[in-house]
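Student: Since the structure of chain A is provided, determine the placement of chains B, C and D on it from the hints.
Number of protein chains: 4
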Amino acid sequence: MVESVIKTAVVGGTGYTGVELLRLLAMHPAVDLAMVTSRSEAGVVISDLFQNLRGHVDLKFTPPDIEQLALCDVVIFATPNGVAMTQAEFLLEAGVRVIDLAADFRLSDAGQWQHWYGMTHACPGLLKEAIYGLPELNRERIRGARLIANPGCYPTAVQLGFLPLLEQGLVSTENLIADAKSGVSGAGRKASIDFLLAEVSESLQAYAVDGHRHLPEITQGLVQVSATPVALTFVPHLAPMIRGIHATLYATLIDEDVDLQPLYEQRYAEEPFVDVLPAGSHPATRSVKGANVCRIAVHRPQGGKVVVILSVIDNLVKGAAGQAIQNLNIMFGLDEQAGLKEIALLP
Amino acid sequence: MVESVIKTAVVGGTGYTGVELLRLLAMHPAVDLAMVTSRSEAGVVISDLFQNLRGHVDLKFTPPDIEQLALCDVVIFATPNGVAMTQAEFLLEAGVRVIDLAADFRLSDAGQWQHWYGMTHACPGLLKEAIYGLPELNRERIRGARLIANPGCYPTAVQLGFLPLLEQGLVSTENLIADAKSGVSGAGRKASIDFLLAEVSESLQAYAVDGHRHLPEITQGLVQVSATPVALTFVPHLAPMIRGIHATLYATLIDEDVDLQPLYEQRYAEEPFVDVLPAGSHPATRSVKGANVCRIAVHRPQGGKVVVILSVIDNLVKGAAGQAIQNLNIMFGLDEQAGLKEIALLP
Amino acid sequence: MVESVIKTAVVGGTGYTGVELLRLLAMHPAVDLAMVTSRSEAGVVISDLFQNLRGHVDLKFTPPDIEQLALCDVVIFATPNGVAMTQAEFLLEAGVRVIDLAADFRLSDAGQWQHWYGMTHACPGLLKEAIYGLPELNRERIRGARLIANPGCYPTAVQLGFLPLLEQGLVSTENLIADAKSGVSGAGRKASIDFLLAEVSESLQAYAVDGHRHLPEITQGLVQVSATPVALTFVPHLAPMIRGIHATLYATLIDEDVDLQPLYEQRYAEEPFVDVLPAGSHPATRSVKGANVCRIAVHRPQGGKVVVILSVIDNLVKGAAGQAIQNLNIMFGLDEQAGLKEIALLP
Amino acid sequence: MVESVIKTAVVGGTGYTGVELLRLLAMHPAVDLAMVTSRSEAGVVISDLFQNLRGHVDLKFTPPDIEQLALCDVVIFATPNGVAMTQAEFLLEAGVRVIDLAADFRLSDAGQWQHWYGMTHACPGLLKEAIYGLPELNRERIRGARLIANPGCYPTAVQLGFLPLLEQGLVSTENLIADAKSGVSGAGRKASIDFLLAEVSESLQAYAVDGHRHLPEITQGLVQVSATPVALTFVPHLAPMIRGIHATLYATLIDEDVDLQPLYEQRYAEEPFVDVLPAGSHPATRSVKGANVCRIAVHRPQGGKVVVILSVIDNLVKGAAGQAIQNLNIMFGLDEQAGLKEIALLP
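From first to last, the protein sequence lines stand for chains A, B, C and D.
Numbers 1 to 347, taken from the working numbering, label the letters of the first sequence in order.
Numbers 348 to 694, taken from the working numbering, label the letters of the second sequence in order.
Numbers 695 to 1041, taken from the working numbering, label the letters of the third sequence in order.
Numbers 1042 to 1388, taken from the working numbering, label the letters of the fourth sequence in order.
Just to be clear, a hint being listed does not mean it is correct.
Computed cross-link-like contacts, PhoX-like style, restricted to lysine-lysine with a CA-CA straight-line distance of at most 20 Å [what the hints assert, rightly or not]: (1) A/Lys341 <-> D/Lys1382; (2) D/Lys1048 <-> D/Lys1101; (3) C/Lys884 <-> A/Lys190; (4) D/Lys1231 <-> B/Lys537; (5) A/Lys60 <-> A/Lys7.
No wet-lab data here; the hints were simulated from the structure.
Predicted, not measured: the structure shown is a model, and the values here were computed from it.
Just chain A, same shape as in the assembly:
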């Protein structure tokens, strides 16, 4: 297996998706990690900040330099919302592929983006070109893409759970419910009282019930698949753990005479990173800790008309850095599983 080496830069690798990206890239057989930029940490040895990378990543953070970035094959943005949109155009014109782990290119409608993110979009013209990087939905379009909007963590778990039902038009789209629980790493690595261990450990709570930024992203995806309007109630919760998302999805069958288990198994039979569990199963988030996989179980309590789908991912892997690498692999014609064969850490 002699693969071309992909010269890769990471912009903003100081957060949790950043360090996870670095961990995965350092183990990727076809990636040359050329530079990692950070305005705040420039000059710092990366493995001084992230002790786990000692012996594996020997770069320093460098100041962002778009000319240097333009010499790479691909630039991955692990930055806050609003950064990638200011640099993507330049890089694309220089022939560089771009993957954004933030939300800049996830919504195709600039007005809606501005509503939810509270900023003017810097390059609305690119929104139409950007491909939403959910391989299970858009693999062919990712293959030829220059610009990938890497999906959010909740949207990945929720969409993979609902897809087979909506593609087949089996459930009412007037009242979908996604009750999602996330580990705290989803809140990012930033100075904050709200996510101190002493604040969030031994506790669980909902947040943003009245509107979370992932709602329009999920809805956009579900509408695309179902080709109908979709009314989704999305309630995220903060759970006292580091990693993991558990999405519990509720939908009402239009016709009760349907066998969902084989439907899900067939839909994902060829997908390397979606695992449909046997009937009656309950996936635990720990079963995907550190691994690029979504595990799904299908239930119909008491055999009724309500379908309950359980969908778990590691928010930092299939919900962020791992999915970015999956997209990179597809874009560059590599084995889709390259660098992503790690088994989840259990216990």
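Tutor: Same frame as chain A, but now just chains B, C and D:
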């Protein structure tokens, strides 16, 4: 404050509801903790088993002796399902009040009880007399009761959350959803691989999606209140924490022209142990840790027809031992808050 | 029990020792919580910040106003280091008692204080008057004190563990070791990356091995007791939990022919808040969660000359707020246990 | 990289060291996992028990069959103490290499083994042949070994920390102290109340202060290196986390005029799995989560005569399964790092 002293016995105080009951009874100003029985731990100094009780409870566990129990004013069963039903009749005839923290008297229909609990009921005749000990629903009937079925933890959180909606007939009862998350103490204190820290920490999962014993209990309560059939989907989850239940409830309004916040505030205005939070709030389970209180918040995402109720309790207090003492206080004409004034431990 | 009511103010109640102090004061039978000041949170309803206090504390934070404070019987500072020392003099002159939970008055030597705390001391003249508020050591002096330096959390656990050995001169003071493990609440409630759940959960590490501010405080106390120089190695560790300190103490016996268990039991026989466990015990920090107690066990592995003392406290209670109230009770001639009878929360 | 394929069997893969071994073996480029035996789980699909292995290990547990085991190149025992010693002789005679993750061959003195493990040793004659599998100490002897006693978790962390000091005779061996903290997975995967999340989360405690089975194992190793008697006080603690050991080691310098940092760096310069941190560092256990590495920091508080060594490992990897594979690699002449290049999971 001269109160009569209630001579109280606890049967089976070796589990988590047991130790919590002992902690609360030891601090209760009007309770004389006369004996604590345990078949397995008879002869053991209670505070050797539960180090926190050193200096506060100086009894030993004694072997169960129904003649001795019959000399008390009240016997509280903190036993597995199926124990209280074999002793309640004798005790009641001896003039003793009985509170069962297990499920023996929670369902009024013996057939249904036997279906869900897999045992023949030992005294189905008492099912009609037993009062379901949810004070916010049945306070007057509790006052005169001889036999209390203390509600389950999930049923307490779910019913208190749904009550105002169903009492007023505001939502469709054809598709109620209760997505509930519980700390691990709810699984009890018993030798088991499934609830080891190394199994359940840093993970979250649903369980019993196809049918949990609390489903018929909740449904029975909701039917009583709404006076209509109720179709409830109940999905419990195990969260990586010791204490706490967070119930996230979903219902669909029949008429959208209703203001729910004052409705909830008025419904619970006089309730000492139900706290309706201001509009827009998100109760955290830690806000009730160790305290006999249910905190509730009411939401209508995007102002739509779906109502989302957030309801949190400490499963061992308002969901078990604290509620039992609340019932005891009501039964014996004490201040309903006696022994229950402790403030939740935060952080 | 007709006690005088102590008009009490708290300065800076927005941290973890602050909220714990408010929780305990709100349940104290002889305290009138008159005001809680905070520069940063002035105007905020306290129970909006700390949901557990809803229904128990109905004050707002007020801006610090030393004239108002001077009308109280006692002012308790739950502020960062360096605040109390600027206000104590004025308050004392106004006849108000002062208890400082920070370190301003803990070291009797101003030069050493300035070395370890990196500030000039604002009122070195008060250092001689201030009483170090460890009741098990200084009860009589606390009784008449105007100004109490409430001990640090580590110093409380370590000193209570070493006291009986040093008072009797039984061990070499040339090589004492205190290996201490603390929950994360000890780091305080402040915006910080270092103490995010995602940073400190599922991990354990030492810190400040080369010198922690509690080292001179502990040493000062041990020197006072032993009347000899003391060489102590103190290594604190951060453990992935909210509350609790476990100090593991090592010392070498001068004469092996000594029976330590009765020595410890007798030393603390009359102490309401020190609990010497039976020989062979291992106290768990959870046994003191939320309670004002120090539990101690004494070991001599393989019957040798090395003594191992295990000493556990709740850092926020016996290590901070609870001890402050114990001091308040002593200063005002109240029952020393008033407001401190709560049993630790377990599990 | 054409390596020979090592036909490998695992006996007893149902515990935590077992599942970690399976995870690592499944990712090992030169290992053919031929069979996994379990008496209790025979017939069960392995990945039904350990969901993380779905898609990576497709074997079932099979009943132990020594004839089948004898057809393998190597048999790894991940069994309780006392199992490997009954089968090792047969396997060795059949030309199979044996690695025991339990304690059967760790102590060279059969009498001492029987004292600490409470069983008669089944094949004391093999104790002399067995090589203690700490590669940093015994690499050459491992290379030619037929039978490896894989070190315990605490002994690995403690010995790697003390080795450079004792090899050079720099510290007094009359009073060594090892204060060690372990995650709960070290207690194994077995039905037990003691290690339930609700028992051990949010708590920390010492255990076995009066004598832990790892004490003679550590002492044996230290004596071998120092060629003097060694008096070690070893106090293990249970910390509320899944994985990780933090050993805090204390020793007294004989001659204070020594520079320890370069000594440690040189001692481990060629070791692929020991990482000496820069002076002043504090290794966190999370920095080694899932990785086969020991990170060490060297301190002399206040520049005195007491040395404090901080040594962290993942108890299931460098403390068990990873070290076993490191030994396997050495025994079979493979790249010592084969299958062990995974980077620790952080956060």
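Student: Each hint should be assessed against the structure and marked as holding or not.
Tutor: Do the hints match the structure? See the list:
A threshold of 20 Å between alpha carbons decides the hint, and for A/Lys341 with D/Lys1382 the separation of about 13 Å falls inside it, so the pair holds. Between the alpha carbons of D/Lys1048 and D/Lys1101 the distance comes to roughly 17 Å, so the proposed pair stays at or under 20 Å and holds. Between C/Lys884 and A/Lys190 the CA atoms are separated by roughly 12 Å; this keeps the pair inside 20 Å, and the hint holds. A C-alpha spacing of about 12 Å is found between D/Lys1231 and B/Lys537, which places the hinted pair at or below 20 Å, so the restraint holds.
As the CA atoms of A/Lys60 and A/Lys7 are separated by approximately 17 Å, the hinted pair is consistent with the 20 Å bound.
Checked against the numbered hints above, the structure breaks none of them.
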